[in-house]
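A.B. asks: Below, each chain spelled out in residue letters.
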Amino acid sequence: MMPTGRRAAGVLAGGLALVLAAALSPAGVDGRPVPAWSWAIWIAVFACALRVFVRAGLPFPEALRRAGWLVPVVAVFAVPAALLAPAGARGPVAAALCCRALAATSMGAAVATWLGPSGIVAGARYLRMPVRLADVLESTLVSLAVVLRQVRAMLRAREARRPGFGAWGDLVSRPVDTVRGFGRLVASLLLRALERAEALEQARRARGGEA
Amino acid sequence: MHIPDGFLSAGVTGVTWATAGLGVAAALRAEKTDSQPMPAGMLGATAACVFAAQLINVPVAPGVSGHLIGAALAAALLGPWRAVIVMTVVLAVQALLFQDGGITALGANITDMGLGASLTAYAVASLAGRRMGSLRGLVVGGVLGAFAATVAAAALTGLWLGLAGLYPLRPIVQILFVSHVAVGVLEAALTGAVLATVARWRPDLLRGATAGNGPAALGAIVMGAFGLAVAIAAFLSPFASLLPDGLDRAAQRLGFSARAAASWPAPFPDYLVPFIASAGIATAVAGILGTVCAAVVAWGVSRGVRSADHDAHR
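Residue numbers (my numbering), protein chains in the order written: chain A, 1 to 211; chain B, 1 to 314.
A couple of the hints might just be wrong.
Facing chain A, according to a computed beta carbon distance under 8 angstroms, are these residues of chain B, among others [to be verified]: (1) D5; (2) T33; (3) D34; (4) A48; (5) P59; (6) V93; (7) L96; (8) L97; (9) A188; (10) L190; (11) V194; (12) A294; (13) A298; (14) G300; (15) G304.
Sample of chain A residues at the chain B side, in silico, Cβ under 8 angstroms [as the list claims (entries may be wrong)]: (16) V71; (17) T140; (18) E159; (19) E201.
Everything labelled a hint here was simulated from the structure, so no lab data went into it.
Think of the CB as a built atom: it goes at the ideal place given N, C-alpha and C, for glycine as much as any other residue.
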């Protein structure tokens with residue numbers, strides 16, 4: 001079950017503390033050897049992340065798969081750093097950076113999976129996030145589901161009108177069409193979203209909500 | 001350009017979180033004192049659109065695609081400080097729910113793509129737009145602002161990664177500069193396309209670039225221009241030529257260079273910071289410190305001149 005209020009704040013704060021501990025443990029980037037306690041922290045945080053994934057209702061293999069999705073993101077930064085490290089230290093630096101980033105990122109992902117969008121907002125409010133920022137975050141998450149559904153529908157409709165070409169051509173072969181098409185799509189998305197938000201605001205005020 | 005968790009040092013994480021915190025606090029304060037309040041729902045809808053627009057990949061060539069970043073678009077629609085709030089929320093959603101960018105690196109990502117990109121885009125767009133006037137000026141300003149914002153954000157990203165000790169500063173700056181000039185051109189084209197369409201359909205929505213001449217707007221322009229100057233200093237100072245300039249060369253040829261002596265010991269001789277071992281990072285840090293010093297002195301002098309003017313007119 002998704003925690004709310006004080007419990008959500010506790011999960012969020014605890015999760016963020018573990019992310020911080022994993023992300024800031026030394027990984028030998030400065031040329032010094034990786035301390036043993038760094039490896040211990042990364043293993044513990046990663047195990048904790050898997051436990052939180054399972055607590056959020058995911059079966060263990062799915063939890064492992066979720067953590068595995070994060071490997072390419074981590075590798076994009078870790079591989080160049082390892083290649084630029086001194087010749088003898090490449091392997092250890094790559095391994096340490098991958099473990100550090102994977103442990104921290106998995107923990108963040110696990111906490112987000114457990115709390116869900118509304119749990120994160122509730123936790124953040126409880127932890128005294130500025131009210132205005134929390135309001136905007138909440139309304140973004142509310143709008144997001146609608147906007148993403150609309151984007152998919154618009155891209156599908158556009159593709160249906162131009163069979164065989166995808167939603168549009170590419171920038172090299174059809175630059176004007178592609179850029180203009182993108183402009184129209186995003187502009188109409190923007191107008192629809194703003195008009196919907198305006199209508200919701202008017203309805204809220206009509207029911208006696210504060211300006 | 002999103003930095004994930006685990007790639008920044010504790011020092012850089014602390015500095016970037018402090019910078020982001022101050023910037024977001026300034027944005028919330030400017031927003032609170034705005035004479036035309038905007039409901040949170042409108043800001044949320046714009047943030048959701050920026051988020052969705054980032055998901056629409058535009059094919060650049062076979063096998064390569066790009067997407068909008070959106071800071072310049074948000075600044076043109078909402079003004080600089082609201083754009084900072086919107087980009088902060090977008091980056092927080094990406095980090096928390098989609099693991100696109102790290103949670104500990106969120107301070108760096110907000111500083112680069114929230115503060116740096118939004119304020120730089122606004123400063124460039126506003127200056128260009130005011131010069132040209134009309135809706136076309138707003139669109140052209142938005143295009144220039146989008147390019148400048150992308151390059152400035154990339155410069156800041158390279159700077160954090162270099163200062164964290166993850167990569168040598170010079171190669172990472174070179175890689176980010178070359179790749180993000182192309183990304184900047186794409187960002188400028190996509191931002192221009194969206195702004196041109198909005199200008200044709202609902203020109204009243206482009207109120208961001210003309211958000212007024214109040215202290216908040218002026219502060220955003222000054223901070224944006226300052227951010228751009230710092231980015232240029234960080235980006236270009238490691239590329240500075242080591243060859244002597246015209247006067248040095250003449251002094252060497254005519255044999256009086258040995259007589260050159262400093263009147264007092266300089267804190268950063270030859271643009272190097274004594275406590276930083278890496279020459280590339282030391283030059284970049286010296287460039288940034290020099291820019292900060294110049295800005296502080298210029299601000300102090302302008303305040304002094306203004307108060308002297310004020311006294312003379314009384």
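A.B. asks: Against each hint, give a clear statement of whether it holds in the structure.
C.D. replies: How the hints compare with the structure:
With a least beta-carbon distance of about 4 angstroms to chain A, the hint placing D5 of chain B at the interface is held under the 8 angstroms criterion. The closest approach between the C-beta of T33 of chain B and any C-beta of chain A is roughly 12 angstroms, which is over the 8 angstroms cut-off, so the hint fails. Against a cut-off of 8 angstroms between C-beta atoms, the interface hint on D34 of chain B is violated, since the closest Cβ of chain A lies about 11 angstroms away. Taking 8 angstroms as the C-beta cut-off, the interface hint given for A48 of chain B holds, the closest approach to chain A being about 4 angstroms.
For P59 of chain B, the suggested interface contact is upheld, since its CB lies about 4 angstroms from the closest CB of chain A, less than 8 angstroms. Among the interface hints, the one on V93 of chain B holds; its C-beta lies about 6 angstroms from the nearest C-beta in chain A, closer than the 8 angstroms criterion. Checking L96 of chain B against chain A: minimum C-beta separation of about 5 angstroms stays under 8 angstroms; hint holds. This hint holds: L97 of chain B has a C-beta 5 angstroms from the nearest C-beta of chain A, less than the 8 angstroms allowed.
Nearest Cβ of chain A to the Cβ of A188 of chain B: about 10 angstroms, over the 8 angstroms cut. The hint is violated. Interface restraint check: L190 of chain B against chain A, minimum CB-CB distance 6 angstroms, threshold 8 angstroms, status holds. For V194 of chain B, the interface hint holds, the least distance from its beta-carbon to any beta-carbon of chain A being 5 angstroms, beneath 8 angstroms. The restraint placing A294 of chain B at the interface with chain A is violated, with a minimum CB-CB distance near 32 angstroms, outside the 8 angstroms limit.
Annotation: interface hint on A298 of chain B violated; nearest CB of chain A at approximately 32 angstroms, more than 8 angstroms. Because the closest C-beta pair between G300 of chain B and chain A is about 32 angstroms apart, greater than 8 angstroms, the hint is violated. With its C-beta approaching chain A no nearer than about 35 angstroms, G304 of chain B sits outside the 8 angstroms limit, and its interface hint is violated. Because the beta carbon of V71 of chain A sits about 11 angstroms from the nearest beta carbon in chain B, more than 8 angstroms, this interface hint is broken.
Taking 8 angstroms as the C-beta contact cut-off toward chain B, the hint placing T140 of chain A at the interface holds, the least distance being around 4 angstroms. Checking E159 of chain A against chain B: minimum C-beta separation of about 12 angstroms lies over 8 angstroms; hint violated. Here the hint on E201 of chain A is kept, as its CB sits about 5 angstroms from the closest CB of chain B, short of 8 angstroms.
Violated hints, in rising order: 2, 3, 9, 12, 13, 14, 15, 16, 18; the structure is consistent with all others.
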